[in-house]
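Number of protein chains: 2
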Amino acid sequence: MAKLTTRAEDYSKWYNELVVKADLAENSGVRGCMVIKPYGYAIWEKMRDEMDRKFKETGHVNAYFPLFVPKSLFEAEEKNAEGFAKECAVVTHYRLKNDPDNPGKLIVDPNAKLEEELIVRPTSEAIIWSTYKNWIQSYRDLPILINQWANVVRWEMRTRLFLRTAEFLWQEGHTAHATRQEAIEESEQMLDVYADFAENFMAIPVVRGIKTPSERFAGADETYCIEALMQDGKALQAGTSHFLGQNFAKAFDVKFTNKEGKIEYAWATSWGTSTRLMGALIMTHSDDHGLVLPPSLAPIQVVIVPIFKGEEQLEQISKVALDIQAKLKAKGISVKFDNDTQNKPGWKFAEYELKGVPVRMAIGPKDLENGTVEIARRDNLTKEVQPIDNVDTYIEELLKTIQQDVFNKAKTYRDTHVTKVDTYEEFKKVLEEKGGFISAHWDGTDEEEEQIKNETKATIRCIPLDNEMEEGVSLITGKPSKQRVLFAKAY
Amino acid sequence: MAKLTTRAEDYSKWYNELVVKADLAENSGVRGCMVIKPYGYAIWEKMRDEMDRKFKETGHVNAYFPLFVPKSLFEAEEKNAEGFAKECAVVTHYRLKNDPDNPGKLIVDPNAKLEEELIVRPTSEAIIWSTYKNWIQSYRDLPILINQWANVVRWEMRTRLFLRTAEFLWQEGHTAHATRQEAIEESEQMLDVYADFAENFMAIPVVRGIKTPSERFAGADETYCIEALMQDGKALQAGTSHFLGQNFAKAFDVKFTNKEGKIEYAWATSWGTSTRLMGALIMTHSDDHGLVLPPSLAPIQVVIVPIFKGEEQLEQISKVALDIQAKLKAKGISVKFDNDTQNKPGWKFAEYELKGVPVRMAIGPKDLENGTVEIARRDNLTKEVQPIDNVDTYIEELLKTIQQDVFNKAKTYRDTHVTKVDTYEEFKKVLEEKGGFISAHWDGTDEEEEQIKNETKATIRCIPLDNEMEEGVSLITGKPSKQRVLFAKAY
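Read top to bottom, the protein sequences are chains Z and S.
Quick note on my numbering: the first sequence kicks off at 1488 and runs consecutively.
Quick note on my numbering: the second sequence kicks off at 1488 and runs consecutively.
Treat the hints with care, since some could be wrong.
It does not matter which identical chain is used: a pair holds within one copy or between any two.
[Said to hold, decoys possible] When the alpha-carbon atoms are kept at most 25 Å apart in a straight line, the in silico DSS-like pairs for lysine-lysine are as follows:
no., residue 1, residue 2
1, 1816, 1490
2, 1508, 1543
3, 1543, 1533
4, 1944, 1966
5, 1500, 1907
6, 1721, 1543
7, 1600, 1533
8, 1842, 1944
For the record, the hints were derived by calculation from the structure and aren't laboratory data.
In this text the structure is predicted, and so the values were computed from the model without any measurement.
Working from the sequences, and respecting the hints, build out all of it.
In structure tokens, the structure reads:
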């Protein structure tokens, strides 16, 4: 197996190679669209199931709305339409026919042109709020707390596996509320759900914050986000939750009679995370040997590799291995016993390192004599010998330790890559030499934000929710500012 | 709540009303596409989870392939392309722009025309086999046992909720094998998985059979199917499993080196079930009061309705109800305690009947005195009084009984609606007066099948797999035949 390009050599190349070599995903025959391979999909399924559980726990239900948005609905909320118009896949025809000039080939049938074009959903506010119009008459019909797992399409010119693809999988929550306050609380609650999921399940530390107006979702009054930091010092937006005000209710005329008997427009939120999280997962934890997965997300948590010569030894080791496997499975731990005889242990070690299996257990003839096994941790690459007795309990605890250690490592990296700067010179220097989040004052205008972006490629990732107030002056214009914001180059 | 149209009055109207009133689905603002509402989606989720479990149990893994199929890939397998060309949604552009003549409106940007049109997948053989080409070199790469949960689009002119919609949700398995025999065994295995799922989870009795050549999936060498019978005597194809031979391997040049070192084309299967199963579920079990759900599929299995006057009574009943609820939940049974004070018990009874909640428990002040509860079964509308002590155990057993009874009832209906006929006159009479499956001889030609279809609207649903051989003569041409086939009008 050819070695991975190292992160130090070429971080971007390392990422692309890793995604493909670890069998997570690959480019497809369709421009900008990926194939999510079984191993990658198994990780996504774990993420999906855990998020779904959290959504239901907070009172949400799933539903499914159409893939297509008629153009007239799409353009109803102007800012939203403007924000997505440039990256829309558009269905114009509904039939193919035989090409009279090329037997065996097909052409679009010009007689099957749609009266109204259909947009392949880049996001579903329009189709959903045009539906909610019929569902909402009274405050008794509220709140509506719906989530959808779906595919969406945003025509991207420069795509990268998981991080930016023309089609991606995601969940989008769309809720309707009777009051402004309730809608704001919902968007904040879902941000907390995302942050909790990212930190405690994906082991990715995140900053909770608010986007500046220029970085807001098209059609939102406020966008909340969680921002993670990758190992190359670039930030990645890992989830967003939007307070949409009454913008979509007004665009689609969704009114209700409130408790006081007055007619008003409904209040909205939407919130989403996508397969982009796979990119965050990979780039937060992995190393030059391959994937590092927190145990909660690993399709295989423990692999047992027998070290043997000849069938008799394999048979003896298998007995012990199968017993350990059964005990671990009884604890809900997923275990693979790799008794394949074609590949050597060394090959297997490399393969499971590449795939990010958190714990590898090797059992050889000496181990049988001594009543021990060798346990290797993927995250820190340490090895140790442990007694076979109660090794299942030991591993159960070890997986918890690994989950925590993986998070701690990422958090230490993140915490040591937040740099306070007070001058633009310093800003550029830190951005160039160290990367990471840069905490600096900003004058609150689109202009300064834009200038910094144009000159440095750094954007304001967010205004952290737990920000301390601090008097200061902004980087370029020197205007007074009351708090620092987080800048970074970003994916 | 206005009553449902009865089945006897107008079966089709009954179905449409029921789907909407029971909050399962509704038509959307997009022609032919439906909105699957939360209650309907919760049922679909249960079906999906159980099927997914069965697929994994039989060694399959999930993956995800692109929504779009470039035209050149779509047309590669000619029969498949021909079969779906007439119902394809086609993406031709990737951008909208402001309409210069109508401020606030958008038009398709003529400068953003795709070089090659993209077909929204009506099924994924083409995109998947063009991918498998890169995955398969040696017999060691086989079998590939992949399933995908996805949305697909087939442009239908006459649509009906769940039964026939332009977009629907489904799963599609796509497997690749080293030998013809293994691929045939896979397609037969998956038919068995579907039949087991339909009968033991959905409580829908099905006939396992083979489609005639004219009813085969476009591109298949053999199509296996499960056929169910609805209460109006029409059949519904509930799942299909296709042996695709080497057709797609040849179209996409997927070759491998076999164990003997020779190059050959891979063998394929595909198999699918869809949200159409929701239609089968509704039409198999439901009655004039609303949905009837087998307990395995019911989002709420038990509802507890308090019968009370005043807050004090409600409080006393609540104590008992919450205790029962907790005990049932501990047994993995989903329970709703409906302590809403706005709606009267009678309204609630009708509502939960409409929604198909299998067991309703009513608790009133008399019950508290007597230490009893009233238990009503949704499936047969019977009521009984039971002691509160151990009522959780009683209900656990009752749910199993209901699951079995719902199946038995459907099976009795089905079994009494399979009629053997030996003349075309009798065939038409039975079809007209009784409906159901008609078991008759056929001469094996497309022509006779076509004539019967044109004259009676009945099609050959399948040649049952467990068919007894029997000499006979066919309905129209009088040619000799060795076995009967099943005809029916179908959804």
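Results of checking the hints against the structure:
1. 1816 to 1490: Classified as neither; 32 Å inside a copy, 52 Å across copies.
2. 1508 to 1543: between (35 Å within a copy, 24 Å between copies)
3. 1543 to 1533: Answer is both: 15 Å inside a copy and 14 Å across each meet the 25 Å cutoff.
4. 1944 to 1966: For residue 1944 and residue 1966, the Cα distance is within 25 Å only inside one copy (22 Å; across copies 80 Å).
5. 1500 to 1907: Neither: 30 Å inside a copy, 68 Å across copies.
6. 1721 to 1543: Neither: 33 Å inside a copy, 38 Å across copies.
7. 1600 to 1533: Neither: 41 Å inside a chain and 38 Å across chains, both beyond 25 Å.
8. 1842 to 1944: Close neither inside one copy (33 Å) nor across copies (55 Å); limit 25 Å.
Taken one by one, the earlier hints fail for this structure at numbers 1, 5, 6, 7, 8, listed in ascending order.
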